[in-house]
Each structure stands twice: as structure tokens, then as C-alpha cells.
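The residues making up each chain are set out below.
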Amino acid sequence: MSLVLKLDHIYKDYITPKLIVPVLHDVCLHVEEGEYVAIMGPSGSGKSTLMNIIGCLDRPTKGTYELNGVNVLNKDDKTMASIRLNNLGFVFQNFELLSRQTALANVELPLVYAGVRKRERIQRAKQALTRVGLADRMNFTPAQLSGGQKQRVAIARAMVNHPRLLLADEPTGALDSRSSTALMELFEELNNEGVTILMITHSPEIASYAKRVCNIFDGILTERTDSDRTRIEAAGGGR
Amino acid sequence: MFENIRLAFQGILAHKMRSLLTMLGIIIGIGSIIAIVSTIQGTNDQLREQLIGSGNNTVKVTLGSGGESYDMEMSSSLAGIYPVSDATVERILALDTVDRVTCYTNRVLWETAVYYKDRSLTTSNISGVDDQYFDTLGYRVRTGREFLQSDYDHFAKVVVLDQTASDSLFKGEDPLGKTIEIYKNPFTVVGVVYEPSTFESNIEDIEDYQLMNDEEATGMIFIPKASWPILFKYDEPENVIVKASDTDAMTKAGQRTAKILNSTITVENPTVTYEAEDLLGDLKNKQKMQNATNIQLMWIAGISLLVGGIGVMNIMLVSVTERTSEIGLKKAIGARKSSILWQFLTEASVLTSLGGLLGVAAGVVMARIINIATGIPVGINWLAAIIAVFFSMGIGIIFGLIPSIQASNLDPIDALRRE
Ligand SMILES: Nc1ncnc2c1ncn2[C@@H]1O[C@H](COP(=O)(O)OP(=O)(O)OP(=O)(O)O)[C@@H](O)[C@H]1O
Ligand SMILES: [Mg+2]
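So the protein sequences, as listed, match chains B and Y. If you read the first sequence in the numbering used here, its first letter stands for residue 1, the second for the next number, and so on. If you read the second sequence in the numbering used here, its first letter stands for residue 1, the second for the next number, and so on.
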């Protein structure tokens, strides 16, 4: 098994004019291909900050980060953009779909930036939408879709480039429990097909779908042990 | 690129009212410029048509002093100036700007000297012409014929009239074969020619040019050059008309011809010399005069364009703010800075190009309205229209640049965090 993600001794301080805000403290995280990892933590613990670093949108103050064995921290912005385009898929809490475009056009977007030709683009976008169960909603605009369907469009968009790693920041944050469950089932299926998933949540119930769970508290990441798992499941947090 | 253009049109259609208002400055600016350019073009075309005629390109090189033409009828003979020799004609023809040459004697008869029965011409213009004259000036035969070689050989007393002279002498009678009297000498009418409309113009300024259109023309009478001494003097100095190789060569052809002719004058410091008319130069001056006021209007239209451009910049800045999360998302999924830059630049320039196109349409309509309302001639200059559209595109690029750079520099994290 090869390492998709290799974060070592990551520190992140936000530097504001008035003060320095230390957010991440000596974070180490190794994720192997095919894993399904959830990161749990309370609000303000630094989950999004960590996700932005993993997503090549931000750089840590200190530490090393290898994605698929490549050090990404010494890359320029242009290379970072193409890493995001080709190696990473993003799913956000509030979907972030282009409201004027159809589901199909939304899913096509990464392929546009990858320079894929129109015909192949449409074909691949249709495939991705079919995969998430929206074959009959391709020409709907976001306004005509439910929250769960919008998130599926977002997942299709994230998957259309066949990324090595799917990053999801609170993907169920804006969904009701039924849509959340359905989404988690989709994630599970994708993971079973070999997609590596890294998901952020503060819901123990959602985290329990993952095969591996990490806790983050005040910027310190800890691997959850089996005893934690049993405790949470005993408390009714599991399925 | 096509994707960007498609997106731009989608954006414009999504905010029709806003886009239209944004484009208004550009539409008005481009529209005014097109209307003004059309008016200038129309006026210039008309002036050119009136002064130079269409494609005749003839330049008169006549005797005169300081711009005043010399009148053979009023003055005594000219010392040192003789009829143009064949050798001189050859030298003029050798000029590469000159295609044809014709030499002719000419007098304006202020007194009543031409009669047919009891009818007469009060003033007339009589020319003794060579066999090149009618062709060079583009005269056409209406009835009868031009002069034949035998007319020249036999000093024939034959005459060709122009339409004006024929009309006033014959009043609808068939003039062919009739005999008219010039200074009591009988001449037989062999033909009637009609003249190219603009040759006899002598225009000093724009009022003259308007007057000329109403003024009744003097009748023209032509006799063979060989027969000139029957009526007037032997060896009378001649005027010359050259046909330039093209319109732009007219000034040069005239000046060169005058120089050659003047070199044949045998006295030192003659008071009368050959002077070339400069229709092209006159035309340019007249066009310049007419255009000066219109050019000032252009500045006003230019200011409208500037305001339009600022409007575009403003709306693009609003658009960038509105679409912060869209930009953030696009960057997060891997759009490069340059992709975002191009997207917004395309949007701005599609907006202004569309404004430019509508402006051209508005300008054409305005020009037509000006034409109908005031009678000022207009000529649509399509090159100007195309330039105008590209110019509007340029305005979009220039004024869209700052908002586009702003968009492309957005930090995706900030952009996505903002709601
Ligand atoms: N740009 C910034 N400048 C300064 N401080 C920041 C900045 N972004 C985040 N922070 C601080 O970093 C800490 C962690 O923020 P982060 O967004 O990572 O939290 P989170 O775990 O994702 O919380 P939530 O669950 O509410 O999304 C917070 O205390 C926040 O105030
Ligand atoms: Mg967060």
C-alpha cells in the first residue's frame, strides 16, 4: 500500500496585525491508499485549517507534507493549482455549485480547466452524475435540486477528474439526517471502489462511517484507539 | 475561450437590464462617432464628387498671373509665349503621372458674337481644340460627330456645340447641318456633345461651391484648332489639360506640366505664366474646413466612451464582489489565476463589444436620421464601423483589467469563507 498523504510535524499560526494565533500544533497524519478517514473535533479546533493545508490551498508555518510521495510545499501557486485539479477532489459543507449553471455544466467545470475537449467532457460528466444517481437530473440548475442532490452534484464534480484523494469538509453539515445517511452510503461505496476519503465532521454518528477516526482538539491531532470507539458506540454514537 | 464567451453571454443575459445600462455609455459613444464619421465621409464624398468628378482626373494648366487667369479677349498679346509645340507635348506625355494631353486656345466672348437666325448667345466660351480634347475631358457625342482629321486638314468651318449652347440657339430644332454665325463667319454645326458635369468649376470656397450648383452655365462652342485663325489671331498661346494617371497624382501632374510649359517661355521674368489648378489641394482644404467642427464633436463622443468604460469597470467590480464564492470555488478546484483573469476579461470585452455593435447600429440609424432631417449627405464607412467594434473590445479589456486582476488574486480560502 502506498501513502497518499504524509503530513509530519505540521504547525500553523495565523499571523494577524495584532497577534499570532497558533492553530495547528505538531500534527502528523499518514493516510494510505484506499483508506477512509474522518477527522472529528469541536468548532474552532483547526479542522478547516488542516483541510486547507491538505487541500493545497494554504501552506503550513512549519512541517513537511507529501502528497503521493511528492513534496508539495516547495511548489509555486500554478503547480499547486494543477495538483488541486488533478489529484484532489473537494466537497464543501454548502455545496458551492455555480447557481446559473446546470448540474452537468457544474460537473464539467474541472474538465474545462483540465483542457478536456467538449465531447469527452460531456461524456465524462454524464458518467459521474450517473454514478451518484442523478442521471435524470443532469439539466437541472442547483435551484431545482434538493440539498442532498446538490451535494451529490458536488461529489460528481469532485470525482470527475478521478482524483487520488477526496476531501470533504463537513459534507453533511447542511443536510437532514436522511440525506446524510444516503450521502454516507455513497461515500462508503466510493471507498469500496478504491477512492481514498478524508472527511471532516463534528458529528460522531457521521464519523462512525469512516474506517479510521482522528480527533483534533485545540490543534492537536490524536488517533482514536479502539477503546474510544467502543466507548462512543456504547454511548449510542454508532450505527 | 469559447467556454468563456459562452459564460459571458450567459452572464449578460442573466442581467439584461444591468448589462444594457452598462453598455449605454459605449453605445452612445460609438453611435455618435459612427454618425459623425458617416457625416464627414458623406460630405467629403460629395465635395470630391463635385470638385474632381468621378474618375476624370483632368487638370487644367492655364495661363495666368498669381492665380488670376489670363483673358485673351481683354488683354494684348503675350510676349514670348507661343502655341505648345509637338516636342513639348511629348515631354509632358513622358511624365509618369500624365496619361493624356490636350492643347486648346480659348476665349470668353463677353459680347454677342454667335447667331443662329435671330437667336444669339450673350456670352459664350469658344475653344479651338485638337483631336485629343473631347476624349481627354470625357465629352460624349449626343448627336452628330466630333471633328475629323479632314476638318483639321482643310481648315473647315465646322463647329461642335455643347448641350447648353445648342439648347439656347436651336430651342429643340435639330442643329445638325445648320449654319451659325460667329463674328459673321458661317460655321456648320456637325455635332453636339454633352459635358462631364464638373469640369468648368472654379470654386474658391464653400459658398461658391453651393452657388455653382444653381448658376446657369455658359454655352461652349468648339472649333478645330486649325480654324482658329479664321476668327482670331494666328499663333495664339494655348492652354493645356492633362489627364493624370490617378486622382492622387493630379496635383503632381499639374505642377510638372506647368514647369515644362514655363520652361518654353522665351522671355525673362514673364508676367504671365502657366499655372496648374490644384483641385486635389483645394478639395483637401475644403474637406479640412468642413471636418474641423465635426472633429470637435468626436472629443465629446470620446468622453462618452470614457464614461462608458468607467461604467463597465464599476459593474465588473460589483460582479467580482458578487461572485467571490464562485471565484473561490473555481480556484479551489484547480482553476489557474490566468483562467480567472481571462474569464473576467472576456466578460468585460464581450460586454463592450456588444455595446460597440449596438453602437454601430445606433450610429447608422442616427446618420440616416441626420440625412433625412437635414439633408447632409452621409456615407457609412464600414472600416470605421469595424474599427469601432474592436475599439470597444479594447475598452472592455482596459477597463476590465483592474476588476479581473482583483478577481484572479482572490485567495480561495477567504473567498469560500465569505458568505
Ligand atoms: N484567517 C485567519 N486568521 C486568524 N485566525 C484564523 C483564521 N482562520 C481561522 N482562524 C482561527 O483558527 C482557529 C481554527 O479555525 P478553523 O476554521 O480551522 O476551525 P474549525 O475546526 O474548522 O471550526 P468549525 O468546526 O467551526 O468549522 C479558529 O480559532 C479561528 O479563529
Ligand atoms: Mg470548519
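Source of the hints: derived by calculation from the structure; they are not laboratory data. Just so we're clear, the structure is a prediction, and the values are computed from it rather than from any experiment. Here a beta-carbon is modelled for each residue, glycine too, at the ideal position from N, C-alpha and C. Some hints here could point you the wrong way.
Not close to chain B: a few residues of chain Y, all C-beta gaps over 12 angstroms, as computed [stated by the list, open to error]: (1) Gly-11; (2) Leu-13; (3) Asn-125; (4) Arg-140; (5) Arg-323.
Listed below are the simulated DSSO-like cross-link pairs for lysine-lysine, each with C-alpha atoms no more than 30 angstroms apart in a straight line [to be verified]: (6) Y:Lys-60 - Y:Lys-157; (7) Y:Lys-288 - B:Lys-6; (8) Y:Lys-60 - Y:Lys-117; (9) Y:Lys-288 - Y:Lys-337; (10) Y:Lys-178 - Y:Lys-233; (11) Y:Lys-117 - B:Lys-118; (12) Y:Lys-284 - B:Lys-118; (13) B:Lys-78 - Y:Lys-337; (14) B:Lys-126 - Y:Lys-252; (15) Y:Lys-16 - Y:Lys-337; (16) B:Lys-62 - B:Lys-6; (17) Y:Lys-337 - B:Lys-75; (18) Y:Lys-233 - Y:Lys-259; (19) B:Lys-78 - B:Lys-62; (20) Y:Lys-60 - Y:Lys-337; (21) B:Lys-118 - B:Lys-211; (22) B:Lys-62 - B:Lys-75; (23) B:Lys-78 - B:Lys-118; (24) B:Lys-118 - B:Lys-6; (25) Y:Lys-337 - B:Lys-62; (26) Y:Lys-284 - Y:Lys-259.
Computed footprint of chain B on chain Y, listed as stretches where at least three residues anywhere in the stretch have a Cβ under 8 angstroms from a Cβ of chain B [to be verified]: (27) 87-99; (28) 328-337.
Q: Please name the hints from earlier in the document that this structure breaks, with their numbers sorted from lowest to highest.
A: Violated: hints 1, 2, 5, 7, 8, 9, 11, 12, 14, 20, 21, 24 and 27.
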